[in-house]
Each structure stands twice: as C-alpha cells, then as structure tokens.
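Please take these sequences and the hints and turn them into a complete structure.
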Amino acid sequence: MFPQKFLTRMAQIHQLSADQESVFLLRFGENREDREVASFLGISEEAYRKRMGEIYRKFDISGKGPGKNNRLLHILQNYLDAETTAQSDQSFLGAKQAAPSMTNFVLDIDIEELVQQLRYRSRQIIQERCATMRVLDMSHPISLEEIYTGTDVLEKITSRRRLGIAELLATYHGRDRLGASAIDESRVASLDALQRYRKLMLLGKPGAGKTTLLKYTALKCSQGDIFSDLVPIFVTLRQYAGSELQPHILDYIAQDFRAHNIGDELTLKHLLQHGRAILFLDGLDEVREDDLHRVLEDLRSFSEQYYTNRFVITSRLGAQEYVFEKFTEVEVANFQPLQISQFAQRWFSGNARHIDLFLRKVEENRPIQELATNPLLLTLLCLVFDEYGDFPTNRSELYREGLDVLLKKWDAKRNIERHQIYKNLSMQRKEDLLAQVACTTFNQGDYFFRQVDLERYITDYIRNLPKAHTDEEALQLDSEAIIKAIESQHGLFVERAKGIYSFSHLTFQEYLAARELVYNGNPETLALLASKISDHRWHDVLRLAVGMMRSADELLQLMKDQCDRLIADDLQLQYLLQWVKQKAEAIQVSDRIQSVRAFYLTLGRAIAQSDVLNLANVLARILVLDLDLCQNRNLNLDLAFDLARALETKDGEDLGLDLELDLSLALEYAQEMSDSRLAKALAELINTCPEDADSDAKWQDWAANLRQQAISYRNIGQIWNLTPPQLENLRQYCEANRLLVECLESDCYIRQPVRQAIEQSLLLPV
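Take the sequence shown: its position 241, counted from the start at 1, is 241 in UniProt numbering, and no numbers get skipped.
Quick caveat, the hints were computed from the structure, so don't treat them as lab data. C-beta: ideal position from N, C-alpha, C; glycine also. Be aware that a few hints might be false.
[What the hints assert, rightly or not] Taking CB as the label site, the calculated pair distances span:
| id | residue 1 | residue 2 | range |
| --- | --- | --- | --- |
| 1 | Q578 | N687 | 30 to 40 Å |
| 2 | D460 | G499 | 18 to 28 Å |
| 3 | R366 | Q572 | 54 to 64 Å |
| 4 | E472 | M138 | 41 to 51 Å |
| 5 | G164 | V323 | 39 to 49 Å |
| 6 | A468 | Q572 | 49 to 59 Å |
What follows is the structure, encoded as structure tokens:
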C-alpha cells in the first residue's frame, strides 16, 4: 500500500508508540487483514483493536465503524501526494536533497475536516490560557465562565465626539453627581459587535475588561458556542513582541502550533488561506516602545495578507493612534447598574446575604457606585467586601487603594513595564501632580477642562522638577505627552470629547483634591475647607479630608463655627432654634439630646414650609410624631425628614398624609398619656372636622382652631413666616449640621473634649 519510509515518518510525526507503530506499518504497509496483523504480531484481536483505536485518536479520527479506516487511508494518501509534489518541486528547482516532513506538505485534505481537527487539538491550549482569571489580590484563580458578565461596546469612540464643555455638562442634567457612565451613550452588546465586524479594534480604559472579553470569546469559540466554524488563535502581543528571535506573527503562531502539537506552518497557512481562523490579539498597548513599530508593521501586513479571517485586537484608549484601515474601532463601555448586580451575584454566588448587603451599600454610596462601573475596580470592591463584610468606614482608605490599583498594581501584577514619558515624574510625583490638578479644577468648579488648560496645569507643576526643561515649547510637549500617558497607562484622565478631559471618576477628583488640601493643611486651607460646608458639591471632599487627617480637631471646630454663622444674624431663625431647644429639653432624655433637637428642627421646617390649605394635614402628622416621641422615646427622625423634604420639593404625592387617621392616632396617644385636656380638644376637632365639600373659609377656621390647640397643649404650630431666602438658609444649615454629625461619627481622630463640646452645642441658638 504505502511505502515503509513514509509510514515510519507518519508514525514519528504523530507520536505513535512502538506497539502502535508495529500495527500501523503492517496494516497500511503490507495491506494485511486485521486478523493477519494480530496473528503475525502474536496478539489477540482485542489487543489489536485497542491499538488501532489509539492510532485513530493520534490522527484525530473519532467515531465508530469502518468509516474511520477509510478516513485514515484518505489522510495518508493526501499526505503522500503532498510529499511527492513537494519533492518534485524541489527537484525542479535544483535542490540537492529533499527532506520531506510534515512542514513540506501543502495540505489538500477537506478544509472542513481540517478545521474540526485543529479546533479539537487547540481546545486544551485555549482552555489553559483563557478559562481562568486571577487579578489583584485574589488568592487563587477563578473560573472565567462563572464570573464573566456580559459587556457592551460603544460604536462611537467618546474621545472623538465634537462636543463643547457646555454640551457635556448638559448631558448630566438632573443628576446630583457626574458619574463616568452618565453621558448618554449608544450601546451594543459586545457579542453583536464581534459578529458584525470581521476586523475589530477593541479599545477601552485600563480595567475595562478588554482581555476578559477576549478570553471569554475565545473560550466560547473553542467550545463551539460561537464561531463554531473557525479555529480560535489567542496571542498575547506583549509575549510575541518580546520573543528572543523577533519572529513574524505567522512564525510565532506556527511555533505555538508545533509546540502544542496542533499543526505546522503549512497547516496554519492552509487554514488562514481559507479564512477559517479567528485571531484574538491581546494588548497592543502593552508592547514595548522599542518593539512597537516592528509589531505594527507585522500585524498590518499579516492582517492584509490573510484578510478573509476574523481579527480582534485590544488596546487601551489614549495609547498611540494605531491605524489599521480595514478595522472597525469600538470602545468597551462602563458597567451599568444591572451589570454591576450580575457581577456581584456571580462573585458572591451562594451567599444571598452578602449579595444583598453589597448591592445595597453600593447603591447607597454614589462615589462607590461610580467606581463599580469599572470592572477592575468592581473586582477590588468585591475583594474588600469579601474580606471585611463591609466597606471601610474611612472611605479614603478604599479610594487610596483604588488609586494604587490604577497607578501601580494593575501593571505590576502582570509584569508590564510601561514607557516612561517623563523620566523625572516618579510615581510619587504623579500622585502629587494629579492631586494638584484635581484641587485646582475642583476648586474652580470644573468637572471638564480643555486640554490646553490641563497642559498649563501640568506645565506649572513639572517646571519645578529637577532637570526640567526651561523652554516653554518643550515643556508644553512634555505636558501633552504626560496627559496621554496618564490616560493610557492609568486611566485617570479620560478624553470625553475632542480636546476636553475629565478625571475618569469624580470620586478620584474629590479624593485627590482632599489629599492636596490635607497635605497642605495650613490655617488658610482649613478655613477654605470649612467655608464650603454649605456647598453640597464639597461635602464628599470634606468627609474625605476629615478621615485623612492625623487630627481633625481644628477642621471640625471650624466647620461647627461655619454652621452657626449661616443663620447667626437672622433673628427669626434664632427664634426657631430657641423653640427647638425648649421642645428638646422638655423631653428630658439623658443622651441623644442633639438628635432630639434635629427631630424638632425638622418638624419646625415642615411647619414653616406648609401652605395654608395643607397646614392642617401637616400639623396632624407632626402631633403624632411629637406625642409618639414623648410616650415611647421613639425618635422618628427619618419620617420627620421625609415630611420636610417632601414639603420642600413641593412633592405632595410623597407626603402620605391622612388627616382623619393622624388625628385618631394623636387622640390615642393623648389618652394613653392621660392628657385629658388634649384628648378632649382632639375629640372635639375630630367631631367638627368639615366635609370635603365645605367652603374654604370653614376649612381655614377649623385649621386655625387645630393650630391653636396644638400651640396650647404641645407648643407646636407657630407660624414662622419665613421667606424663601430664609428657608434656603435653613435648609443649608440643616444639611451642614447633618454633614458635621456624619464626620463626627466617621472613622476620624478627634480628641474627646472637642467631640463632646461640638456635639453638645449642635443646633442651639447663638
């Protein structure tokens, strides 16, 4: 049948054992029947069939029946024909000696069969490279399929939009914070984009999940769930670029094929020429500067030569402009709330309590919610929560760790060395620079800033470093390069539109601004910080600053003084605080006195904001809350705050007021307290309450009577006649004091006498 030398080479190439080779040579070299081969070798027919089964597996032939034998004969004949053709070609070219081997074959076997063979052979290496992930401080790898959360992409790169700062700010209309995912975006499921575009450049910020998406797609391809007619080839571009002999990408993949017994160079070429591969090329931005030009040219040439295949290349946003003319560029989008929830459910799988608590904590804290939109930072949040069962009380520690991940750990954990654009800009200096920019822009109220302004801030900083350029043009070029480096390497600057930048997360801008102010903690800086207590935009900066300080005594005292100044000169508001003091003292509690004051101040605000027609309903609810506190010491501060907030926003539907029910509850409380006079007055009010159809005048008279009884028996119902500016000042005063209390209850260091003095003087008239 087949020449013995040819069969021997086949046996060696396919790594047949000695026993398998003896069967192989007799069966296909001398055309012996199965029983003859077994008899000649002195083995049983069962042993013969077992060896033949092993031979079929070595040639990647599966199934049952006589078809396996025919397929093997077909494969051997094709190999022999290819070898004969190669030898003839070399003789024609005058070659001295042909050296036939697998690498000489120009495969002519059925392409569908070849694809399935290569898919089968490559499955193990794809599994090895892509099936698990281990990032940051994970103690062990985790299954990618178990944790993977579907990502979306943006078909329009954000940095290429032609928008102005005013237009960007308009996209945040109605939001209380500028989150990284707040900009209106047109999203497409990543799998849809992968299927739609044969050549895809996948761009994204550091930690956006580019590699995870690539690995997951390669894994599902190898399993036959997607692109089941293609052979997945996964290449880490940093490793390919750093190969000792600097091979072309085709040679590098061929070496990988041979090393893992997938195929040889001609097998690979045959596959590529038929357009039956999908190449996942990961981390173009991770290629060293010295290798980049060579790699780019090689990838361009390779993708053009084998253009019928599918290609996916990943790179960071802000890296060099890589021009691949035939490629469509998309940007990996931030996680949305649903994706954050899905990721958490997979991470804490089996621990329903952890899932619920984690998601509630994230939802309640907007700065943390902003960080969670980045998959890498979300992983950090899950790791922290997994270890402690909560987030740190001092949030500055969490943000510090998040900043470290982007500045240092993410690349260091993967042994990636980035090109240093500006040699004098150490990691410490980068942090100082970022803090200075954050403080300057935040103080100016700038969430977005033009590139020219950002370059100016950076120039002002680096001109004072050792060996800095003195030439302004050189400094400007350095500052431009630094912006791009910080954007691509750390993801802390993001180009939101052409020439317009912001910090990637407002959380980091606030944290870095607080860091700058704390590190330069002179009296003027502390006074500036304290003066911002009535500005809601600064509240998170103040919280962070208090937590960062070695001692927060002076800042907290300044904040308390600033709270008092907000309404110190307003006589009517001072009268209101005097009433609050009287009501709180009447309760006679040994502790929580400041909480009782807050309760009555909130009720006072609710009364001050009521219109004439609504006053009766509000008074009835306030009587219930007041009597409940007196009888049960049940401080319904949240209910009181909700009432005041609903009146403040004029959202009547949220008040939930029920006049008849509230008066009945108030009567029950009065009877239980044995306050017969109040009970009698309330019973009479209930009996004389007008019908809905009665005149407004009758309602107003009845409401005036209710107010008079409330004043007489409970010292509640005074009309403060506050103007809109006074109501606004009162709102700011309440919010500022609330912030002060949050700071006191945080993980800050403050001497006990100072703490007690501040707490005891909260919400008192000056």
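> Which hints, by number, does the structure contradict?
Replying inline: 3 and 5
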